[in-house]
Amino acid sequence: MELSDRIVRHLREVVDLPDLSGTRYELREELGRGGLGVVYAAWDAHLERRVALKVMDVEWAGEARLIARLEHPGIVPVYEAGTLADGRAFYAMKLVDGTRADLFLAGDPPLGERLRVLERVGEALAYAHSCGVLHRDLKPQNIMVGRFGEVYVMDWAVDGVAGTPAFRAPESAVDERSDVFAFGALLAFLLPQSAPPALRAIAAKAMSAQPEERYPGMPAVLREVERFQDGLAVEAYDENPWQRVRRFAKRNEVLLWLLGAYAAIKFLLFFARVI
Amino acid sequence: MNKIMVGLIFGALLGAIDGATAWFTPEVRSMMASIMVGSTIKGMIVGLLSGWFARKVDSIQWGIVLGSVLGLAFAYAVAAMPSETGQHYYLEIMLPGFVVGAIVGFLTQKMGTPGQVKRTS
Amino acid sequence: MWRDADTAIGGNGDRFPSTQLSLIEAAAGEPLALEQIAALYWKPVYKFIRYKFGKSNEEAKDLTQGFFASALERDFFQRFDPSKAGFRTYLRLAVERFAASRHESETRQKRGGDAEPVTLDETLDEIVGSAESPEEIFSQEWRRQLFALAIEELRTECADSGRHTEWAVFQAYDLADESRPAYAELARLHGIKESAVTNYLAWARRRLRALVTERLRGVTSGPKELREELRRLWS
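So the sequence lines, in the order shown, correspond to chains F, Z and S. Under the working numbering, the first residue of the first sequence carries the number 28, and numbering increases by one thereafter. Under the working numbering, the first residue of the second sequence carries the number 11, and numbering increases by one thereafter. Under the working numbering, the first residue of the third sequence carries the number 543, and numbering increases by one thereafter.
One should not assume that every hint holds.
As the list claims (entries may be wrong) - Here are the simulated distance ranges between beta carbons:
(1) F:Glu240 to Z:Trp72: 45 to 53 angstroms
(2) S:Asp604 to F:Thr110: 48 to 56 angstroms
(3) Z:Val75 to F:Cys158: 27 to 35 angstroms
(4) S:Pro765 to F:Gly173: 29 to 37 angstroms
(5) S:Arg774 to F:Gly49: 27 to 35 angstroms
(6) F:Pro219 to Z:Ile70: 46 to 54 angstroms
(7) Z:Val75 to F:Ala290: 16 to 24 angstroms
What the hints assert, rightly or not - Some chain S residues flagged as far from chain F (calculated, every beta-carbon gap over 10 angstroms):
(8) Asp617
(9) Tyr632
(10) Asp716
In short, the hints are calculated from the structure, not lab data. Every residue, glycine too, gets a C-beta built ideally from N, C-alpha and C.
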């Protein structure tokens, strides 16, 4: 039999669809294709809500169990993991309503907002590291910013997917510092043109070619960013004395104004009397 | 250090310094000692009240406002006291007192711990 | 040795063993493995040659036979480097080289005279269809053959295990060239419930997916290439 183009097209659409019989889910639309599988939107018939279903094209459920172990506001909660009728592994997780980080930048958010997203990502990573889990493929496309301020780190990669070139650390052995590298790349990505040099310095340090020269772990980077936001000196950035003074003045603005007012009044009163 | 302590210490310190600037007014230089004492005590009272306020209300703005109002009020009280020479220095006392009060109010908001009020069961 | 697949009707009606042999066996010269590769690649190579080199039906068949006979007998598989390109691309490039060298030697023989004008006849137009390039035709045909072979396997599987209704429903719905019948209609036609129609289709598609994956496994160098090809196939 000679299959027509139409039939081939139809088969390509239909044969790979996950067979959800035996699960509580009804298939809806395809949402995207990731590292190891396809993500569909689905309807959970029991709880009457929409969920995201990730169906692996490899018969392996390791990733799901890995993610399900992690519980953190920045990590998408896994509701269920199982096997489909055709043997493929799947897991059901929260359907995140939001935009990917790279598209989120299109709205030109203020620096504070960008740093907030970055911090949430960093906290999620720090938590995962503390549980012994690395992300390995951190990039803007794997970060979702929800409509109500939620920030989720998605697509936790596992062995076999070595990351995306621009965000991948140069070394071959992968540890926490590889994620630090990607985090630095993320920071660089999120910074606007007019970003303060201290932040660029933090990103550069996190992206050092030698792992030893980067921050030792996520908590260290996060503290750096926090110090920047508090107007403190940042380890990565050597500022000249004048910048130091300016920073001090900015931090203690109110007090300096008050003292200035006092001095001014005193001077005025003194000279008024003399005249 | 709790906020009341902050108020007392900085109130005293700034009050003393403010009092010391009386040296620049030759006419009252002879009374420096009593001026400084009075100024210090004034500062401590303003500091105490600001510190107490700071424990209840966490607002830099209102801390400054309260501090400056208290500073102004007490400065007025001091300026209005009967003087040997019969001369009153309202402006010279009240204006700086106003600003010193503001500074003390600010410091009590920014520094120190509110401290816990211990409840008995 | 190589089946002369007539291009107008049908394809390879022969049954192939359900175990798909890998490229490794093909490299070792295992004839069954080579047959499986030929079964999949014969038509794609033929159409590719016709489009790319503008050959007639007979010439293209000749070249295709020649390719599978000679090129695959040498250490074709040993030279395959999976890190450079997929097997499909590697094979296509080999076809290009083979046909080009044969073409060169032919035109050298026609030294001095006018080379025969190359015309695209009607059949070639039909072949080309909406494809933009010979490479695309190659991929399209390859996909078509992949499905065709897997469907053939499914058909015999159903026939052997008595799943006649399953096959009938699948054929009527998924292999329908014109409009597809509604589930209700199919249910009525075969005297089964509509839910059974859904189940049969699901079963058939599952089997087909497994058969396609197996066949693909036989022509890829490993899990990574397999995953990539699968992704390209289904997206």
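Hint check results:
A hinted range of 45 to 53 angstroms holds for the C-beta pair glutamate 240 (chain F) and tryptophan 72 (chain Z), which are about 48 angstroms apart. Taking 48 to 56 angstroms as the suggested C-beta distance range, the pair aspartate 604 (chain S) and threonine 110 (chain F) conforms, at roughly 50 angstroms. Here the CB-CB span from valine 75 (chain Z) to cysteine 158 (chain F) is close to 49 angstroms, at odds with the stated 27 to 35 angstroms. Against the hinted window of 29 to 37 angstroms, the Cβ-Cβ separation of proline 765 (chain S) and glycine 173 (chain F) comes to about 35 angstroms, which satisfies the hint.
Distance hint for arginine 774 (chain S) and glycine 49 (chain F): a CB-CB separation of about 29 angstroms, consistent with the stated range 27 to 35 angstroms. With their beta carbons about 29 angstroms apart, proline 219 (chain F) and isoleucine 70 (chain Z) fall outside the hinted range of 46 to 54 angstroms. Range check, valine 75 (chain Z) to alanine 290 (chain F): about 21 angstroms between beta-carbon atoms, so the 16 to 24 angstroms window is met. Its beta-carbon lying about 30 angstroms from the closest one in chain F, aspartate 617 (chain S) satisfies the requirement of being farther than 10 angstroms from that chain.
With a least CB separation of 23 angstroms from chain F, tyrosine 632 (chain S) remains clear of the 10 angstroms interface cut-off, as annotated. Here aspartate 716 (chain S) does not stay apart from chain F, with its beta-carbon only about 6 angstroms from theirs, under the 10 angstroms limit.
Hints 3, 6 and 10, counting from the list given before, are not met by this structure.
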